[in-house]
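Trainee: Here's the letter readout for the chains.
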Amino acid sequence: MAKKKEIRSAYASESLFRKRLRRFRSIKRGYYSFLFIVGLYILSFFSPMLINYRALAVRYEGRIYFPALKYYPGLKFGQDVYGETNYRELKRRFKFENKGNWVLMPLYPFGPNESLTDNDPLIRLDDITDRFKFVNYLRNPADSLSEYMVNQLSPKLRADIQTAPDYLNPEKSLVKATVKEMNDILKGVSLYKLGFASDDKLSESALKRARSDPMTWNLRWLNREILSDVWPGAIVKNRQPPTPPTRFHWFGSDDRGRDVFARIFYGFNISMSFALLIVSVTYLVGISVGAALGYFGGKFDIIMQRFIEIWSSIPFLYTVIIISSIVQPNFFLLVGLLCAFGWTGLTWYIRGEFYREKARDYVHAAIAIGVNDRNIVFKHILPNALTPVIAFGPFAIVGGIASLVSLDYLGFGLPPPTPSWGELVNQGMANIFSWWLVLCPLGAMFVTLLAVVFIGEAIRQALDPREYSRLR
Amino acid sequence: MGGMTNYFIRRILLTIPTFLGITIVYFFILQIVPGGPLEQEIMKLRMGSAAFSGVGASATGGTIEAGAGTATEASQVTIPVEAMEEMKRFYGMDKPIPVRYGLWLWNVMHLDFGRSYVYAEPVWTVIKARFPISVYFGIIGFILSYLICVPLGVAKAVKHGTPFDFISSTIVFIGYSIPGWALGAVLLVLLGGGSFWNVFPLGEFRSENWMELTAWGKIEDQLYHTVLPVIAYMIGSFATLTVVMKNSLMENLGQDYVRTAFAKGIPERRVIFVHAMRNSLIPIATGIGGLLGIFFAGSYLIEKTFNINGMGLLGFESVLKRDYPVTLGFLVVGTLIRLFGNIISDICYAVIDPRIRFK
Numbered sequence: 000m001a002k003k004k005e006i007r008s009a010y011a012s013e014s015l016f017r018k019r020l021r022r023f024r025s026i027k028r029g030y031y032s033f034l035f036i037v038g039l040y041i042l043s044f045f046s047p048m049l050i051n052y053r054a055l056a057v058r059y060e061g062r063i064y065f066p067a068l069k070y071y072p073g074l075k076f077g078q079d080v081y082g083e084t085n086y087r088e089l090k091r092r093f094k095f096e097n098k099g100n101w102v103l104m105p106l107y108p109f110g111p112n113e114s115l116t117d118n119d120p121l122i123r124l125d126d127i128t129d130r131f132k133f134v135n136y137l138r139n140p141a142d143s144l145s146e147y148m149v150n151q152l153s154p155k156l157r158a159d160i161q162t163a164p165d166y167l168n169p170e171k172s173l174v175k176a177t178v179k180e181m182n183d184i185l186k187g188v189s190l191y192k193l194g195f196a197s198d199d200k201l202s203e204s205a206l207k208r209a210r211s212d213p214m215t216w217n218l219r220w221l222n223r224e225i226l227s228d229v230w231p232g233a234i235v236k237n238r239q240p241p242t243p244p245t246r247f248h249w250f251g252s253d254d255r256g257r258d259v260f261a262r263i264f265y266g267f268n269i270s271m272s273f274a275l276l277i278v279s280v281t282y283l284v285g286i287s288v289g290a291a292l293g294y295f296g297g298k299f300d301i302i303m304q305r306f307i308e309i310w311s312s313i314p315f316l317y318t319v320i321i322i323s324s325i326v327q328p329n330f331f332l333l334v335g336l337l338c339a340f341g342w343t344g345l346t347w348y349i350r351g352e353f354y355r356e357k358a359r360d361y362v363h364a365a366i367a368i369g370v371n372d373r374n375i376v377f378k379h380i381l382p383n384a385l386t387p388v389i390a391f392g393p394f395a396i397v398g399g400i401a402s403l404v405s406l407d408y409l410g411f412g413l414p415p416p417t418p419s420w421g422e423l424v425n426q427g428m429a430n431i432f433s434w435w436l437v438l439c440p441l442g443a444m445f446v447t448l449l450a451v452v453f454i455g456e457a458i459r460q461a462l463d464p465r466e467y468s469r470l471r
Numbered sequence: 000m001g002g003m004t005n006y007f008i009r010r011i012l013l014t015i016p017t018f019l020g021i022t023i024v025y026f027f028i029l030q031i032v033p034g035g036p037l038e039q040e041i042m043k044l045r046m047g048s049a050a051f052s053g054v055g056a057s058a059t060g061g062t063i064e065a066g067a068g069t070a071t072e073a074s075q076v077t078i079p080v081e082a083m084e085e086m087k088r089f090y091g092m093d094k095p096i097p098v099r100y101g102l103w104l105w106n107v108m109h110l111d112f113g114r115s116y117v118y119a120e121p122v123w124t125v126i127k128a129r130f131p132i133s134v135y136f137g138i139i140g141f142i143l144s145y146l147i148c149v150p151l152g153v154a155k156a157v158k159h160g161t162p163f164d165f166i167s168s169t170i171v172f173i174g175y176s177i178p179g180w181a182l183g184a185v186l187l188v189l190l191g192g193g194s195f196w197n198v199f200p201l202g203e204f205r206s207e208n209w210m211e212l213t214a215w216g217k218i219e220d221q222l223y224h225t226v227l228p229v230i231a232y233m234i235g236s237f238a239t240l241t242v243v244m245k246n247s248l249m250e251n252l253g254q255d256y257v258r259t260a261f262a263k264g265i266p267e268r269r270v271i272f273v274h275a276m277r278n279s280l281i282p283i284a285t286g287i288g289g290l291l292g293i294f295f296a297g298s299y300l301i302e303k304t305f306n307i308n309g310m311g312l313l314g315f316e317s318v319l320k321r322d323y324p325v326t327l328g329f330l331v332v333g334t335l336i337r338l339f340g341n342i343i344s345d346i347c348y349a350v351i352d353p354r355i356r357f358k
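One line per chain: the protein sequences are A and B, in this order.
For the first sequence, position 421 matches number 420 in numbering that gives the first Met the number 0, and the numbering has no gaps at all.
For the second sequence, position 48 matches number 47 in numbering that gives the first Met the number 0, and the numbering has no gaps at all.
Derived from the structure by calculation, the hints contain no laboratory data.
Among the clues, some could well be false.
[Unchecked claim] Simulated pairs of lysine-lysine, BS3-like, Cα-Cα distance not exceeding 30 Å:
hint	chain 1	residue 1	chain 2	residue 2
1	B	LYS320	B	LYS127
2	A	LYS94	A	LYS69
3	A	LYS69	A	LYS98
4	A	LYS27	B	LYS158
5	A	LYS18	B	LYS158
6	B	LYS320	B	LYS43
Kindly produce the complete structure, drawing on both the sequences and the hints.
Mentor: Given below as structure tokens:
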């Protein structure tokens, strides 16, 4: 039996589809891009499990809870907050208490719609701008500053700054002196008080260990209340969002304090789904209508031609903006709008193809032997007409993603607070110093589109029966 | 050429129903859409009066902040009937929609687009004011695109498969993958001051102190402002043009007549540039019809990114501000340019390629 199959496969010819698939697989660039995009897209459907501010599972007093599925107020777990539990904080507390409770957080423990300014005030020591003003005051008493503020500085700090070798660069020496003073004060303070999960006293080695614990705060990023608790007179400022990328927030935060990496990842799912939906619908409609027009022709064709010409001359961006400024579109309405304006392109092309193919000999032969209309269209003409259309598919997806990003950039796309790349870029242009708001989403879009373009190129090459002849 | 002439005459005549169809659809949409200019005027009046009556001596006029809090008051403010009638007459809303359309069309045929609601100037003046910028970027983009893409495409075709081809393909892919305005935004962040290098200004057409600069300074300043937007404009057509040029030339180089030319011993240079090139340029040449569009060049997205007061910005802001005369005027001119641009492209196509015969 096996021998027979072998012989058969040795002699059986490869179907056209198989051959094209094999060629596609052989184009490494396109094939790997395909795997990459499809893999990432499937992964993005699991994003609530991977990137979320809610814990996946919590064990508290012997019972296991699943906060990702159900809302639990903070009081339920003994946390002294109104509203939802802060699971990151809960994890820290459980670890410290060591009572057998634990919290399982997703891989990236921040959510796309979570405003970080409430939960994690991020303070950098070199942001202590008031102290910087002090140094200036010390150098130029003419600058007005309140005596009160000057007296807030400890004499030690004042002395340190004034004797620092690089006092010409006040900011630097200020930072160094402040860090030194802070370390002196903080040694001997309980780590837990400072925002870590252990109860050691702060020592050099503890400092080092604490810095490598990813679930806790880096010593340079301290809670404001805690800091002013242990360091009286400290004047620190909350860093205003948008904040730059850090070890924990890989792409920083946007102007509302939401984590950018989470928004970009969720946004990928939305953009990709958007584009895929649009391409599917426009293809379905375009191919059906185009085939009907091209094959049956006649009066119906002439009327529709005029209609399509008018319809496709309507400037699409313009109209979408008009409609968007009246009705706040949700995802599906936007998809519908873009489909409504996008189906004409393919229709025109398919119609032309069907017209041409219908005049060819093989179709005449098929008609002569009595093949019915349906079979002629689906079995004979359609496979030929579809080949270049399939090759264009990925580029249509590129167009769909670019359209969505453009619309969001202008503010006429998806409603807030939907995570979207275009909206991030819009914020970035308003805050030009926050480069991560522009470079990160556009970088993500670039990688995505590049991969899709590679796929498109590979499909085109796989489907193309000709090999371009070399010059020599 | 009789048949061809007939074809083109037919096409030109057919633009009329197309044009009418588009304008009817648009006019209709704009008239029935809520939030039109009449409603906005009414809102403004209501807010203004409410603020007056509510705040008293320290009235802050028609500020939205003052008015918003007194929304209920606002709805109770009555506007005298005569004022309402007057406003309606001003916006032409006292007549039924088809009549309004007819009036508007009649005016347009006499080249009168009316006055802008926002600028209180004739629409044509408003549009004309943006022409210089649009033409400036349009011409520069057009010339540069062709100047760069055609030689690049030829080089890629001749050196197909070499590292040069791969590298330039990568650049072409990049150009295709990222929309022009996105590249502009990235360039601005990287090169426009801010967190990285400060090479180019942050946008706008000219610096504020342009008038005070020396002649050379003026030119330099203008150039500095031009570079990034032009790159943003070009990147889209850059990718497509190069690829079209390359594929077209390669297809021709595979033809028999080229093989014959080589067999005859003609040097390679001559074969490519004299024999194959002419045929390869056909798809490129049909883009000449787009030349007409330079008068209307201006992508809203790029202009928004760079803060340039161009044609694109005019078009979209007029929609946002419900400035109907300008919107419709913009639409008319844009549509006509596009329709005739298509026809010119087809004429070029027919003239250059004798094999093309339209029915």
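Trainee: Under the criterion that the straight-line Cα-Cα distance not exceed 30 Å, is the pair LYS320(B), LYS43(B) satisfied?
Mentor: With Cα atoms ~13 Å apart, LYS320(B) and LYS43(B) stay inside 30 Å; holds.
Trainee: Run the distance test for LYS320(B) versus LYS127(B): straight-line Cα separation, threshold 30 Å.
Mentor: 19 Å, holds
Trainee: Take a quick look at whether LYS69(A) and LYS98(A) sit within 30 Å of each other, Cα to Cα.
Mentor: 24 Å, holds
Trainee: Does LYS27(A) pair with LYS158(B) here, judged by a C-alpha cut-off of 30 Å?
Mentor: Since the Cα atoms of LYS27(A) and LYS158(B) sit roughly 22 Å apart, the hinted pair holds (cutoff 30 Å).
Trainee: Please work out if LYS18(A) and LYS158(B) have their alpha carbons no farther apart than 30 Å.
Mentor: Roughly 28 Å separates the two Cα atoms, so the pair holds.
Trainee: Check whether the Cα positions of LYS94(A) and LYS69(A) lie no farther apart than 30 Å.
Mentor: The given pair, whose Cα atoms are some 23 Å apart, holds under the 30 Å limit.
The structure agrees with every numbered hint stated previously.
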